[in-house]
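Student: Residues per chain, in single letters:
Number of protein chains: 2
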Amino acid sequence: MIPAMRAAILAVGSELLGTDRLDTNSLRLTEVLEGHGVELVGKAVVGDGEAAIAAEVRRMAALADLVLVTGGLGPTADDVTREAVAEALGRGLRHDPEILAGIEARFRRYGLRMPAVNRRQAQVLDGAVLMANPRGTAPGLRLDLGGDRAVFLFPGVPVELEAMIASDLVPWLAARSAGRGRERAVLKVASLPESTVEERIAPAYGEFGRERISILARPGEILLQFWAEGTAEERRRSLAAVARRLRDLVGPAVFTGRLDEDLAGAVGEALRARGETLATAESCTGGWLGQRITAVPGSSAWFQGGVVSYADRVKEELLGVPAELLAAHGAVSEPVARAMACGVRRRLGATWGLAVTGIAGPAGGSADKPVGTVHLALAGPGEGDEAVSHRGVRFPGDRERVRWMSTQLALEMLRRRLLGLAATEDGERPAAALAPGSAG
Amino acid sequence: MIPAMRAAILAVGSELLGTDRLDTNSLRLTEVLEGHGVELVGKAVVGDGEAAIAAEVRRMAALADLVLVTGGLGPTADDVTREAVAEALGRGLRHDPEILAGIEARFRRYGLRMPAVNRRQAQVLDGAVLMANPRGTAPGLRLDLGGDRAVFLFPGVPVELEAMIASDLVPWLAARSAGRGRERAVLKVASLPESTVEERIAPAYGEFGRERISILARPGEILLQFWAEGTAEERRRSLAAVARRLRDLVGPAVFTGRLDEDLAGAVGEALRARGETLATAESCTGGWLGQRITAVPGSSAWFQGGVVSYADRVKEELLGVPAELLAAHGAVSEPVARAMACGVRRRLGATWGLAVTGIAGPAGGSADKPVGTVHLALAGPGEGDEAVSHRGVRFPGDRERVRWMSTQLALEMLRRRLLGLAATEDGERPAAALAPGSAG
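Order-wise, the sequence lines are chains B and X. Here our numbering is used: the first residue of the first sequence is -8, the next is one more, and so on. Here our numbering is used: the first residue of the second sequence is -8, the next is one more, and so on.
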């Protein structure tokens, strides 16, 4: 944690001003700054014009202690970051024979002659400290402006930037933070609307500070984020305390504390712990449920496979859904969902059979069963031969969202049953995304 | 097309300086500017500080003719864009009773009393033109700076911004462009490496201008983009001419000219035109192929369904793959891929059966069959009973990439067979992503 240090990030490159290429370098640098508790006060993208770059560097140097510039260090005529920064900060530029020798040597290693244009990359700002570039030709430059103020010039190529973050930026920040930093932890919540989560965690705002906890709503999932500052040990203890309290407040709708784990991963862990297996029967999701499950490495230990029963004939022949059931209720109905779940469970010999059938749109809806109507069923061990549970819902949104929400709710149904939880929670309101179909 | 008009975009909001929330408004505004041939010279994000916003607006107004600002028009204390812009441009701020009445009326319509904080949203910069906000409380503001120079202040909420783009920004730009604009068209190419596409289209650079055509490589796909300027009619004719020439040069590896169509959509169109159907058998892709196919609206007309045969027992029981074949060659092998394709085709009664089996990693690889080894097979009508084609490949990359590339190559195998093309092209080099498994 570097108290009161402020930073700004500038990405140079006309190609970053279109709609196809995003400036991802600034996100990576933001992450590094956050890890050291440095406040980001602004970021910008400018094209390859020298005057525009110079104006922006000047503004940022006035605004922030630390200015991180990426891009424009290449060999071609439109790479003018060095010149622009020299102008902005009133520094001279000189040619460095040692750097030139290094660039020439790099070309020789690949059996090439250095093109004349690359000579430009050997230019150095007066007083600059060089940052080696093991993955490219242009060295980075660091200019100390006195006190803890500095300007870093990095290449725009992500792998080259990454090397210099590790070799130069992180040590520079660490020397100023004395092991203190800022760290984030997360909890993920399924099946509850944002307002319910907000209500439940309200006491934690008072206990830990409003600014230390945030809620981010994503389709079918809420991300709770919280931060701690201090030494590594202080951060660890503080984050554990907040996580414990939030889990208490939210309850078992929290399905993971790992940012890289989704609901399929959480379901997989529960199945693996119980030595049980899963099979899926998908209609409207068309394989998406299977795709999410098999995205989890090692899922072959608990996932048997599934049937994508898009056509009714496939429901009959591969899942054993009776033709009369399809005729009487239609493919999108509770009885058919139940028959699909039981069918796939038996045919594939799995502990659990999970089925989804619905109308994803844009066509295919009716007054009776509008677009967004989805029936889900879960067959598994229970009294007698097997126990089947069902949920009928209606999701708002377009085809992609209806399909996504269907996979999310199917996985959550299974997770709740595996953990012995009630199928729904009080906080799930009929007006929310997971509204019962009958309410539609 | 507005000759020589330069624009800059500023997004205001501390929440946009983290790593979780991106400034997507600037991409949307960039698109609108591109459509009118306005050059974007810079974009930036600043937090909610008045001085920082003012400094950036001043810099942008010096750099650009048109400055588009989003965010910071809300009712709370940290919404200071109005004040900052007043300061930057030396304008006064006054309270507008008419706007206030409008905001109060909006609250009344929802049966609410206007909170006192919302009074701030009725402040107007001297000389500003109001932009109505049908979807929120804060009106937008336009300040004319003389000539064709202006500053627009938009709300940061995307739906509110969208309404003002349509009602105010586009008409303002259109009045200055006299129907002239800039437009993009695309072609998508499958199964060829970037360098081969680059080689093939080289003549078009000379004929139409290097700066009018660009190549963007994405996993398993190349996006060719090209631009035209002028009136609607001029653009249409020019884009059609470039598209025709590029299709000639690249050949049938071009699978679509629609930005919103992927390979699954192109395959679907070909199947629909022939009145044929498809069934899939997936192992390592786990349903992703089915997910992509069913993401195409109306795919039920040509997609029967599929089997996700993750476990070997499912390959035997649902697809009829002989146990001896699995024992002799392993699940990831040419004979098993062929048996899966034939099995799913017969069981589901489809014209075509498409099968994928492979090792996606991170575990499961061996010296003989390293991670990335994938076998694909396509069964369909042919001499005698049926004809089955096969491809064995090895993809580089992680689990997600191997799986994605498998779905892409499977769809391309089918597309080429449907169009009567050779299974592979000369330009596909063994060293590229689609290397034969034997070369690994």
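Don't read these hints as lab results, they were simulated from the structure. Treat the hints with care, as some may be off.
Any copy, or any two copies together, can satisfy a pair, since identical chains are not distinguished.
[As the list claims (entries may be wrong)] Mimicking SDA-like on lysine to any residue, the simulated pairs with C-alpha atoms at most 20 Å apart in a straight line are:
(1) Lys179 - Thr10
(2) Lys179 - Ala45
(3) Lys179 - Asp239
(4) Lys179 - Phe98
(5) Lys179 - Ser205
Student: So, for every hint listed, does it hold in this structure?
Tutor: Hints, one by one, checked against the model:
no.	hint	verdict
1	Lys179 - Thr10	between (31 Å within a copy, 17 Å between copies)
2	Lys179 - Ala45	neither (43 Å within a copy, 38 Å between copies)
3	Lys179 - Asp239	within (14 Å within a copy, 51 Å between copies)
4	Lys179 - Phe98	neither (49 Å within a copy, 34 Å between copies)
5	Lys179 - Ser205	within (12 Å within a copy, 41 Å between copies)
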